[in-house]
Amino acid sequence: MARFLKKRDQQLGRTPGSPVFIGQQKIDRPRIRKIDYSASTLHDAFFPDMEGMTPPQAGEPCCWLNIDGLHDAGLMTTLGSLFNLPSLVLEDVVNTGQRPKFEAFSESVFVTLKMLFFDRDHTMIQSEQFSAILQDNCLLTFQEKPGDIFDPVRTRLQNAGGRLRNSGPDYLLYALLDCIFENYLKAVEVLGERIEAFDEEILEDPSSELLEEINIYRREVSYVRKAVYPAKEIVLRMVRTESELVSAATQPFVRDLADMVEQTMDAVDIYREMLSDHLSSYNMVMNNKLSETMKFLTMFATMFIPLSFLAGVYGMNFESMPELHFKHGYYVILGIMGGIAVAMLAYFKKKHWL
Amino acid sequence: MARFLKKRDQQLGRTPGSPVFIGQQKIDRPRIRKIDYSASTLHDAFFPDMEGMTPPQAGEPCCWLNIDGLHDAGLMTTLGSLFNLPSLVLEDVVNTGQRPKFEAFSESVFVTLKMLFFDRDHTMIQSEQFSAILQDNCLLTFQEKPGDIFDPVRTRLQNAGGRLRNSGPDYLLYALLDCIFENYLKAVEVLGERIEAFDEEILEDPSSELLEEINIYRREVSYVRKAVYPAKEIVLRMVRTESELVSAATQPFVRDLADMVEQTMDAVDIYREMLSDHLSSYNMVMNNKLSETMKFLTMFATMFIPLSFLAGVYGMNFESMPELHFKHGYYVILGIMGGIAVAMLAYFKKKHWL
Amino acid sequence: MARFLKKRDQQLGRTPGSPVFIGQQKIDRPRIRKIDYSASTLHDAFFPDMEGMTPPQAGEPCCWLNIDGLHDAGLMTTLGSLFNLPSLVLEDVVNTGQRPKFEAFSESVFVTLKMLFFDRDHTMIQSEQFSAILQDNCLLTFQEKPGDIFDPVRTRLQNAGGRLRNSGPDYLLYALLDCIFENYLKAVEVLGERIEAFDEEILEDPSSELLEEINIYRREVSYVRKAVYPAKEIVLRMVRTESELVSAATQPFVRDLADMVEQTMDAVDIYREMLSDHLSSYNMVMNNKLSETMKFLTMFATMFIPLSFLAGVYGMNFESMPELHFKHGYYVILGIMGGIAVAMLAYFKKKHWL
Amino acid sequence: MARFLKKRDQQLGRTPGSPVFIGQQKIDRPRIRKIDYSASTLHDAFFPDMEGMTPPQAGEPCCWLNIDGLHDAGLMTTLGSLFNLPSLVLEDVVNTGQRPKFEAFSESVFVTLKMLFFDRDHTMIQSEQFSAILQDNCLLTFQEKPGDIFDPVRTRLQNAGGRLRNSGPDYLLYALLDCIFENYLKAVEVLGERIEAFDEEILEDPSSELLEEINIYRREVSYVRKAVYPAKEIVLRMVRTESELVSAATQPFVRDLADMVEQTMDAVDIYREMLSDHLSSYNMVMNNKLSETMKFLTMFATMFIPLSFLAGVYGMNFESMPELHFKHGYYVILGIMGGIAVAMLAYFKKKHWL
Amino acid sequence: MARFLKKRDQQLGRTPGSPVFIGQQKIDRPRIRKIDYSASTLHDAFFPDMEGMTPPQAGEPCCWLNIDGLHDAGLMTTLGSLFNLPSLVLEDVVNTGQRPKFEAFSESVFVTLKMLFFDRDHTMIQSEQFSAILQDNCLLTFQEKPGDIFDPVRTRLQNAGGRLRNSGPDYLLYALLDCIFENYLKAVEVLGERIEAFDEEILEDPSSELLEEINIYRREVSYVRKAVYPAKEIVLRMVRTESELVSAATQPFVRDLADMVEQTMDAVDIYREMLSDHLSSYNMVMNNKLSETMKFLTMFATMFIPLSFLAGVYGMNFESMPELHFKHGYYVILGIMGGIAVAMLAYFKKKHWL
Ligand SMILES: [Mg+2]
Ligand SMILES: [Mg+2]
Ligand SMILES: [Mg+2]
Ligand SMILES: [Mg+2]
Ligand SMILES: [Mg+2]
Ligand SMILES: [Mg+2]
Ligand SMILES: [Mg+2]
Ligand SMILES: [Mg+2]
Ligand SMILES: [Mg+2]
Ligand SMILES: [Mg+2]
Ligand SMILES: [Mg+2]
Ligand SMILES: [Mg+2]
Ligand SMILES: [Mg+2]
Ligand SMILES: [Mg+2]
Ligand SMILES: [Mg+2]
Ligand SMILES: [Mg+2]
Ligand SMILES: [Mg+2]
Ligand SMILES: [Mg+2]
Ligand SMILES: [Mg+2]
Ligand SMILES: [Mg+2]
Ligand SMILES: [Mg+2]
Ligand SMILES: [Mg+2]
Ligand SMILES: [Mg+2]
Ligand SMILES: [Mg+2]
Ligand SMILES: [Mg+2]
Ligand SMILES: [Mg+2]
Ligand SMILES: [Mg+2]
Ligand SMILES: [Mg+2]
Ligand SMILES: [Mg+2]
Ligand SMILES: [Mg+2]
Ligand SMILES: [Mg+2]
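Residue numbers (the UniProt record's numbering), protein chains in the order written: chain A, 1 to 354; chain B, 1 to 354; chain C, 1 to 354; chain D, 1 to 354; chain E, 1 to 354.
Hints are not guaranteed to be accurate.
[What the hints assert, rightly or not] Computed footprint of chain D on chain E, listed as stretches where at least three residues anywhere in the stretch have a Cβ under 8 angstroms from a Cβ of chain D: (1) 33-43; (2) 63-77; (3) 198-204; (4) 242-254.
[To be verified] The calculated label-pair distances, taken between Cβ atoms and stated as ranges, are: (5) Glu213(D) <-> Arg163(A): 50 to 56 angstroms; (6) Glu292(A) <-> Glu213(D): 17 to 23 angstroms; (7) Val239(E) <-> Ala73(B): 22 to 28 angstroms; (8) Ser280(A) <-> Arg33(B): 55 to 61 angstroms; (9) Asp136(B) <-> Glu107(D): 56 to 62 angstroms; (10) Lys232(D) <-> Ser38(A): 44 to 50 angstroms; (11) Glu60(E) <-> Arg33(D): 54 to 60 angstroms; (12) Phe300(E) <-> Ile216(B): 15 to 21 angstroms; (13) Asp151(A) <-> Asp136(B): 26 to 32 angstroms.
Hints in this document: simulated from the structure, not taken from any laboratory. Source: prediction; values computed, not measured. All residues carry an ideal CB built from backbone N, CA and C; glycine is no exception.
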């Protein structure tokens, strides 16, 4: 199954703006969680469907609506008309192969990107698409399946005096993005810890398992890079956006995000380069080892060649070979053989072949 | 036959703006299809030539005129004067080696690019040139031969309440480009599915057929890249164009195209890099395999060298070689040979050569 | 002789603006051809020198003055004062190592670039410098030697109703540049046709002649690239120029040139990349072939090693070697040898070394 | 322990702006040093805590407050409220993994970057984070541990007539940055001196220790590059800043810093390239050496092959082998063997294999 | 001694703007040469020190003051106060490791760069720092040691009617820079002539001396590149400068310099690429040669293996080996051996191994 590109056969030739789910369904039916909060109140509840729900009016508490599961076209259409969402946005929300993206509309700001998790069991970065639509006093977020990294934010929401409870949904969006980017750094850190250890292992034990592991880490670093690079673009657009939905008070925090994404990118680039260095180191070390082995064996063989030749000569059956009849011929020839061996060893030493 | 550059001998020294066909003729005579549509009406018909045809007047239904086959200079000249087309545009339309291009004139917008199809039989991306000229309420499109990927658009045109029937020719142009770019992604997806599978095959069975296949996929990915890169430029120019022929209502859709082209480019770049990694992996695996083989064989040979030497020594014909007359000389020497063999195996083991 | 940089010893320390010829003299004395044309008249004549010539007055027919041969400093000085040319321009005209360049002065526009020809006899791109100075109603052009690619333009000049006869010298300049750029594409096409054929040859017959040929094509593609890259800059400056000497009517044609140069650059880049792929393919194929050969030969040798050892053992002269006296000892040992050979072949097969 | 990325587990999910220390604690309790200076006065003292300290009022002497040790959250919070520091700045100050950064606020300018030292004992660049907050007439600086490179600045502060005593805290900040960047250049110079010497050593004695050393230097140059690249960005932002805290009189000095950083970057890039050249040189030299060795040994072996074959032939036990009974057969065959050896040597010479 | 970075130990921690000499002293005491020129007058003299010298007043002849030798801090300080030079400029003038630089002040324009000379004896580019300070009607220039490339300029200064005598010090500065850049091109040309000849030598005689020479040329081309790249920046800043010290009449000449620097950079890049191609060509040629040798020798050895085995078989001492007693057994076996040899040669031929 292609990991870098999602199958989009259903999409071919469809009317643009159709909310056709692209991806793998990871939950039976969507799960809806609605948190209404203001400086003084906090309501947190799960709902089976959208029945009876309306966007919060001006003056009402801020609303965070999170949907886990993107395959229910009916739900999406309902949401779309209820919150007056552009159809092209809905199409992007349900396309799990969508490229990370920031777009500002007159009444909504739309952000989509990947959440990354390091799956230790498969030495593999797993990803889940996260989309958010920011409106005047509500924030819609979409995930592929239940379970996320936002619990610290939900905890901070319970602190009535905290900045979260006293700010608008733009600050909530920032807080979620901050979680996501912290997790990027975390993922890179986990990869990096192993990568920085390869150096020594290559010198000590360049097994073929190590080579395979290096290649796995290269692939995973590439995978992270694919997610992080467009994320930088997104944050930069968010910094520069003229939409009033992102308030001036939230802007310094968004700039801080840019900082973090840049640091992640720096680290990704350093590890990519390091892995590529590791590969060439591995190659050099392997080549040197093999060369040493072959050289040793060849020299060993070479040393015996003139000796065997001599033995062959005195194994010939000529009638008149005077040496054969010398009293100590045999011992002399053994001595000569020993001398040749010593001389060759000395020559090899002198030539630094040994 | 050069696939990346078309022969243009007829073009050398010609007056600029001459509609000289450059390419391979793929159909006997051009085929003309005219679809007139408005919110309430729809006429779809084939015509043998341009006789009696006129550009639609303001207020008349929108007209989509598609021509399959570009070699008929007479037809092109007639079209040019009928629709008042710039001669340099006509020259580009009939040049199947034309670089993808967007150009806005006062009364026309001109777009040309390649349609891509994956030809499974030859593991090869096939391309066909598509050109479009957008005017006030008509759209002219040109293809090299009959048969295309636009049937879903034609089907949607039959839906009287749909956006296509209620928008101008600029939205129709968008719909056609959307089909073309969906097919780009489709082509990359087909390539990518195979490419992502190479990883494992290289480790398991690095045959020379696999190497050839990797090289074929590199060539095809390069070919797609050649088409997609300028396509991005085109869409970006279309987004930024000041021509009133592209209406504000259509602009968000054009931006969505940019999105899709960027995703295609990302995928193309990832697969390019992956294939290059595959090549070096293949090389490493092959090198390792060969080295292992050679090392094994050399060690095997080396082990016998001192044994054969010993046999040679005792095959010498010296008169006085006391060992030959020892009672168990033969068995002793066989034992010594066995001992040497075992010692060497132990040494190889210790040196990790085995 | 350095092909990529011209000797400029005479230039060291000279007063700037001196028309010192840099290059190889290719003609005995300069050849002057003057074509005066208007919608109604056409005069074409060769002249031995500049005597009596004056720049055309306003209202007089347009004048195209072509000089073949750049080494005559006197002629250049005469031209300079007659047409009031900036001295730095004259210096550039006679420097055949001048980088391609576009410069707009108050009363002149100056363009210099290389004409390219594919020399089939030496598989080599030949180049000749072309310079042009555009003034109000005259065009001066300079070449290194007689013979050029502009005959189609001269033919079109005879067509009294054609655009050339009815436009100013800026359109004539465009027509000449169009010829030059068509020839760039032609040169790249000729190189490309051979380059695209290398692929198969490498797989079938990777001879060392092929390697040399690939390297020759790399050098030539580099050479073309050196000429085409700055040519693009030139055309872009010509598109953007504010000089009134390039009329609005000619601008669309200049933009079309940009198109063609970009296509040439695309092709050059593709062929560069292809050649670099070819080199690594060649290397891989050669390596595989050699490895196969070496592996086969080594295995062949290895198979005989234990057999020869056995023969050696039974060639020893020990007094008591019971096997030697067995009735069928010889046949038994031959059978054992055959068995060992078969076993080793089976082992090699199992290990996929055969 | 990952050297290129700091563990930030405590940071995951925290409220933004919390001064959570990220890094390794290198001192027991923070050390505070306060220098108040004006043209006429100079007070220099150490303090155990912030008790009783207040920011200097306008007109009071300039204050330089340096804190060594970043782990004391209480101290940081006190400082923050006393000097009215943005909470995001405090968070960056105590994050020793923070990317180098310049940010201008309304009443503060914030700079953070790394100080580099070459640790000769471990052939390793060590780094320490330096942060500075510039306010109207005070400068706060933060380091990870006591001991720094600023003593020359402190010495110059004692010169009552010097520019330092007569300028504001912006010039003091410049003087500190100047020290830091001088040390960058120094570190690169130390690396470079060794790197430039590798060239010859590779030709003379390409040991595997040398290879390891080259790889160590590559890693250290990478490490320096990671610090210097963002430093350039910082200085450029400082040059372009519109903050009035950086006075016009200090600007030429800041531009001079940019100069120095660019020179450092140039040097880093040159040494990177040089090291990469060294690696390929090393590889070539090693390959050539091995090839020479193998070729020599193989030729040596080859020369004996036909000789041994001949010996084998005349070791056969056929009843009728006339040569065996020739009177001088033995000497003739020895002569033939000598002749073959000489002929082969001559052939090898002719083929330039020797 | 590090060639790419100058030792700057004295600089560490010094007050910014101190004229501390960095580099190698190449002359005992500085040499001062003063040329005063106007359209009508010319005075040229050497002076031991600055005593009695004053900057020329408005209306007085133009003054060119050249100082050879930068180590005399006293002289520099005198100059600085006399001509009112910024202290940071003085610091740069005496730092021979200063990066090339252009800076415009209110009353001075400062330029510093390297002069390059090809030292044939050591196949090495030598460099000397050149700095110039342009003021209203005087030009100060600084070199490391006596002897330069400006004699042609001094000669042209004697021509009372020439442009030099009739222009200001900005044109004189241009003339000096023109000399410097001509020498850059000259140096590249000298390198290039040898580099372009490597191609053939690699095919004919790929000795290890050639490899070393290629590496030397790579290093020198890198060295030139280090000087030329920032020189381009300088000229571009000079073209764009708004300082009135560079007059409009001189601007076209400065643009012509830009042209020349760009051509030099083009050439440097081409030769860099060419050298890198040469290295891989060299490697391929060497590999092919070695492979051919090894293959030949291995095949030679292989051919004898079955023959020696046969000889071994008939050297066995079994009692009953009927072949040994055949009348023509010996000749038959010799014939069989010959047959095997011929068959193997045929097989090798068929497999294209020969
Ligand atoms: Mg779509
Ligand atoms: Mg979309
Ligand atoms: Mg989830
Ligand atoms: Mg991989
Ligand atoms: Mg991307
Ligand atoms: Mg930053
Ligand atoms: Mg044309
Ligand atoms: Mg065209
Ligand atoms: Mg078609
Ligand atoms: Mg986008
Ligand atoms: Mg190799
Ligand atoms: Mg000049
Ligand atoms: Mg010039
Ligand atoms: Mg010519
Ligand atoms: Mg160029
Ligand atoms: Mg274009
Ligand atoms: Mg392209
Ligand atoms: Mg290929
Ligand atoms: Mg944070
Ligand atoms: Mg921060
Ligand atoms: Mg410290
Ligand atoms: Mg490393
Ligand atoms: Mg960085
Ligand atoms: Mg600078
Ligand atoms: Mg530089
Ligand atoms: Mg090198
Ligand atoms: Mg300094
Ligand atoms: Mg400086
Ligand atoms: Mg000098
Ligand atoms: Mg080097
Ligand atoms: Mg130029």
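Taking the earlier hints as the rules, which of them does this structure contradict? Violated hints: 1, 2, 3, 4, 7, 12 and 13; rest satisfied.
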